[in-house]
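Visitor: Below are the chains, spelled out letter by letter.
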Amino acid sequence: MTPPPANEPGSLTLEQALAEHDENVSIVDVEEPSQQLVLFRVAGQRFALPGGVVKEIISHDQPVYFVPGLPTTTEGVLHLRGHIESVIQLNVLLGLPLPSGTQPGMILLVSAAGICSGVRIEQLDDVCDVPTSLLQPPPDTLSSALRPYVSALWQLDEGVTAVLLDAETLFKAYQDGLG
Amino acid sequence: MPLELLSNSAPQGAVPMVLFSAGAFRAALEARHVMSMSDQPRASRYIEAAALLFQHTAPATHWLTLNDTEGSWQLGVSHPVTLHSFAASELHPLPPLLKARRPHAALCGATFEQQTLVLLLDAHLLTPQATNS
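Order-wise, the sequence lines are chains A and B. Residues in the first sequence are numbered from 1 upward in steps of one, following the working numbering. Residues in the second sequence are numbered from 1001 upward in steps of one, following the working numbering.
Just so you know, the hints here were simulated from the structure itself, not pulled from any lab data. Built from N, CA and C at the ideal position, the CB exists for glycine as well. Where hints are given, some of them may not hold.
As the list claims (entries may be wrong) - Coverage of chain A stretches by chain B, computed from C-beta distances (three or more under 8 angstroms per stretch; other residues unrestricted):
id: 1; stretch: 53-62
id: 2; stretch: 77-88
id: 3; stretch: 115-122
As the list claims (entries may be wrong) - Derived DMTMM-like pairs (lysine to aspartate or glutamate); straight-line CA-CA distance at most 20 angstroms:
id: 4; chain 1: A; residue 1: Lys-172; chain 2: A; residue 2: Glu-75
id: 5; chain 1: A; residue 1: Lys-55; chain 2: A; residue 2: Asp-129
id: 6; chain 1: B; residue 1: Lys-1099; chain 2: B; residue 2: Asp-1122
id: 7; chain 1: B; residue 1: Lys-1099; chain 2: A; residue 2: Glu-168
id: 8; chain 1: B; residue 1: Lys-1099; chain 2: A; residue 2: Glu-75
id: 9; chain 1: B; residue 1: Lys-1099; chain 2: A; residue 2: Asp-176
id: 10; chain 1: A; residue 1: Lys-55; chain 2: A; residue 2: Asp-176
id: 11; chain 1: A; residue 1: Lys-55; chain 2: A; residue 2: Asp-140
id: 12; chain 1: A; residue 1: Lys-55; chain 2: A; residue 2: Asp-126
Bound-form chain A, shown alone (with noise of 0.2 angstroms):
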């Protein structure tokens, strides 16, 4: 039996093939802290909420049933495993056109301030965990309509950015009578 060849010059063994994994894996740090963010859009516009105050996501085929006297923002009442919960529309609070017609998103049931109610957005895009190292501080730029409810920025990719809302202050104006 003639013995193996010896590895050319630039291979690896097996053994460091897998010593080099190994150092790949530890790059990357888990104990980074990250926010599970749910990210949707309303009026085209991208947003996001934490995922510890979404409590569900509602399909768009769930009846809303309308209340009268309210105002526009107000859709109605959602009538969800016997209890009714409120649903509301974010548009004039967050300075954005409602919608024309009927545009059937999906809700999602968010959970702030001790009040929970449903929220109609458009889109669902995404739930996912994000660094929060990636979440920036929201910039002096923000409109002044924004800039209340907002708690960071994520920038997505270039040039596309969500703005992470804080559900607790838009319930709060929502209930002053803003919105």
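Given the structure of chain A, go ahead and fit chain B onto it with the hints provided.
Guide: Below, chain B alone, put in the same frame as chain A:
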């Protein structure tokens, strides 16, 4: 027409409610607050429910007699006027965000009648002089 003629015996733990239409919407009052029902307003104080609650004009077909601190008054409602007992679990308080923006303080909750939303009204807060909350 005395409302008692329409009544049935309420199951234990249930709340008898008088259901009616106010404009295009269904609403309900606790039956114990409704003294009687007539086809025409007879009290000196009366108002249509849709006008009181939503500032809408809607002709009334029936008039429910209620009492407040100033005596009897009548609430104009539209048919069908029915009596129905609801289990407590079927009567839902108004969610906080709606309560904050409700058009009238008497609007206090909601229930369902065959997939139709019924607005629950607090008779104590429902007077011709009531103001928005």
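Visitor: Hint by hint, say whether it matches the structure.
Guide: We went through each hint and held it up to the structure:
| no. | hint | verdict |
| --- | --- | --- |
| 1 | 53-62 | violated (count 0) |
| 2 | 77-88 | holds (count 8) |
| 3 | 115-122 | holds (count 3) |
| 4 | A:Lys-172 x A:Glu-75 | holds, 18 angstroms |
| 5 | A:Lys-55 x A:Asp-129 | holds, 16 angstroms |
| 6 | B:Lys-1099 x B:Asp-1122 | holds, 13 angstroms |
| 7 | B:Lys-1099 x A:Glu-168 | holds, 17 angstroms |
| 8 | B:Lys-1099 x A:Glu-75 | holds, 14 angstroms |
| 9 | B:Lys-1099 x A:Asp-176 | holds, 11 angstroms |
| 10 | A:Lys-55 x A:Asp-176 | violated, 23 angstroms |
| 11 | A:Lys-55 x A:Asp-140 | violated, 31 angstroms |
| 12 | A:Lys-55 x A:Asp-126 | holds, 15 angstroms |
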